[in-house]
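Novice: Given next are the chains, with one letter for each unit.
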Amino acid sequence: MSNKRLTFKKRLHIIKHQLRGKKLAPAFNAFHTFLFTPDETTHSGGHIRAADDLKRTMNTVIIALIPVLLFSMFNAGYQYYSAVNGFPENFSVWNDFLTWDNFWIGIIKVLPLVVVSYGVGLLVEFIFAVIKGHEVEEGYLVTGMLVPLIVPIDTPLWMLAVAVVFGVIIGKEVFGGTGMNILNPALTIRAFLFFAYPTWMSGDKVWVYQGMERAGTPDAISGETILGYLAQNSQNEFSYTVSDMFFGFIPGSVGETSTFLILLGGLFLIFSKIASWRIMVSAVAGALAMGLIFNGVVDAGWITESSKFYGLMSFDFWKHLIVGGLAFGIVYMATDPVTGSQTNRGKWIYGFLIGFISVMIRVFNPAYPEGVFLAILLMNVFAPTIDHYVVQANVKRRMKRFKNAVILPKDAEEAKLKVETI
Amino acid sequence: MALLSRKDSKLILDPLADNNPITIQVLGICSALAITAELKASIVMALSVLFVLGLGNVVISLMRNMIPSKIRIIVQLVVVATLVIIVDQVLKAFAYELSKTLAVFVGLIITNCIIMGRFEAFALGNGVWRSFLDGIGNAAGYGVILIIVGFFRELLGSGTLLGFPVLGNPIEKTGLYAMGYENNGFMLLSPMALIVVGILIWFQRSRNPALIEEN
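The listed protein sequences derive, respectively, from chains A and B. Position 326 of the first sequence, counting from 1, maps to 326 under the UniProt record's numbering, and the rest follow consecutively. Position 185 of the second sequence, counting from 1, maps to 185 under the UniProt record's numbering, and the rest follow consecutively.
Because the hints were derived from the structure by calculation, they are not lab data. Since no wrong hints were added, every one of them can be taken at face value.
Label-pair ranges, simulated between beta-carbon atoms:
{"hint": "1", "chain 1": "B", "residue 1": "165", "chain 2": "A", "residue 2": "301", "range": "46 to 54 Å"}
{"hint": "2", "chain 1": "B", "residue 1": "207", "chain 2": "A", "residue 2": "401", "range": "49 to 57 Å"}
{"hint": "3", "chain 1": "A", "residue 1": "242", "chain 2": "B", "residue 2": "147", "range": "50 to 58 Å"}
{"hint": "4", "chain 1": "A", "residue 1": "112", "chain 2": "B", "residue 2": "203", "range": "26 to 34 Å"}
{"hint": "5", "chain 1": "A", "residue 1": "158", "chain 2": "B", "residue 2": "164", "range": "19 to 27 Å"}
{"hint": "6", "chain 1": "B", "residue 1": "163", "chain 2": "A", "residue 2": "119", "range": "31 to 39 Å"}
{"hint": "7", "chain 1": "B", "residue 1": "180", "chain 2": "A", "residue 2": "115", "range": "13 to 21 Å"}
{"hint": "8", "chain 1": "A", "residue 1": "277", "chain 2": "B", "residue 2": "203", "range": "40 to 48 Å"}
{"hint": "9", "chain 1": "A", "residue 1": "20", "chain 2": "B", "residue 2": "206", "range": "22 to 30 Å"}
Below, a list of computed lysine to any residue pairs in the SDA-like style, where the Cα atoms sit at most 25 Å apart:
{"hint": "10", "chain 1": "A", "residue 1": "308", "chain 2": "A", "residue 2": "364"}
{"hint": "11", "chain 1": "B", "residue 1": "173", "chain 2": "A", "residue 2": "156"}
{"hint": "12", "chain 1": "A", "residue 1": "132", "chain 2": "B", "residue 2": "210"}
In this text, all values refer to a predicted model and were calculated from it rather than measured experimentally. Virtual Cβ for every residue (Gly too), placed ideally from N, Cα, C.
Modelling step: build the complete structure from the supplied sequences, incorporating the hints.
Specialist: Listed below in structure tokens is the structure:
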């Protein structure tokens, strides 16, 4: 058979066999399995034929992220032109939001963030795979998409690159690579950026394209996030309506603004059984619970307007869900199967505490107007402990039930056997 | 080295690399994290520990046959405390600003595990000259790591070395800062010191696989 007759797929398999054992094999295999199912099977043990391997799982999450990414590209332009020209009088989605001008700002600002995030992150992954001689791990596919969506739009590209190198090496590779990390790599990158370059990660300049460049000039523009505004001011007066907040026409990190699209993505992930609905539901419940407590404190009159916490404490509890990165964090990052809790009851506890602590950090620490990334990282650390106690409690409960069971004489023999196996 | 026999020079050289008190024995970590944000403070700390450990080992070694073993810890503490107070007073007299920066950490040399560790493990059972070399060697091993960590933290965190701006002026935007470079504030926080020490341990172990424990 001549080489010309071979299908593309077959040729790739031939190249793969030629490369076997060579240094470049992991790099080639990474691209190969991204496109096609490998032509080899394991030789021993039971087999399950399923299409949803790690790469498909990752790709599903990326599909859920694409609407958010597209929206964020339009929003980048919308926030920029609104900051320069003022908000449009009669806002219409078609004329003011989904325009080429807006999208163009997205292309020149958001796309480079995505490219740098993927380029640098995958380069680190490939280098590690070649040095260690194992296959390239897929873990970065989702991280690389999450990272550009959780940083302010004006983040310099070199900062992002430094943070990605740090996050992939210290957050993931030192623990043994994908599936072994204790902290979510995307949030490790965000935390590194936040603590390393705080002036570029908070304030009222970084959320709008050219905000930092123009700072201090007569053309200065700003777009403060709602949370940032509330942390500074004690009244609930700003120009954004609830529907602005819900659909995402507000300043914020690149992809976190549109709660609506995040909700759709979340539903998609739940129905494709990629993400845990338990974590999402309990995290929402946790955030609402903390918000209700704060509202209650304000209603009881324990906190007056002179308090610096008044602005955020009196913020309606349900609005916490539609501003800031809480929704994005809950849907895409708290549900990370590697760093989250594994047991069902553990997921409830883990999710609830994420929501609860996020809102608590928001209100009590004005230096961190957004607390969701710290809350998730904190709970990542506690997830194994939660799982341990859940499993132990289950073991104890079952042992107790077994001991208390009335054993009929004819079952006694069997029961004895069971005790021994336990 | 004609001055030292091979066995003696091993006492000095071993702690510098393959038996480093910080990266291999993981002792004295607290001060390594706390005071390495500036290179100058790291160097002064390294010299202080060099003085205390070198002299302390000699004193303990001289007294080793007189110390009742039941109260040896107290005696060791008295010796360290005396030496540390000398260091503290000298710093206050001649480098007041620096002693402010180091604050409580000079006093805490007393609790540095490396010092008590060397007294217990070496000075109590060896002669004066060998104890002195061991003390100098271990303090140097500690100091080298401190200085390396301090170098990177000050360079990347503040853009200076020993207080001199080497990367340009961050406020007037000269040098590297003109190109958009920013100081990494995370470097000045203690967690980053831990990570830098961790990277050093990683580096050292991957160069010398004999150091990796089997499990």
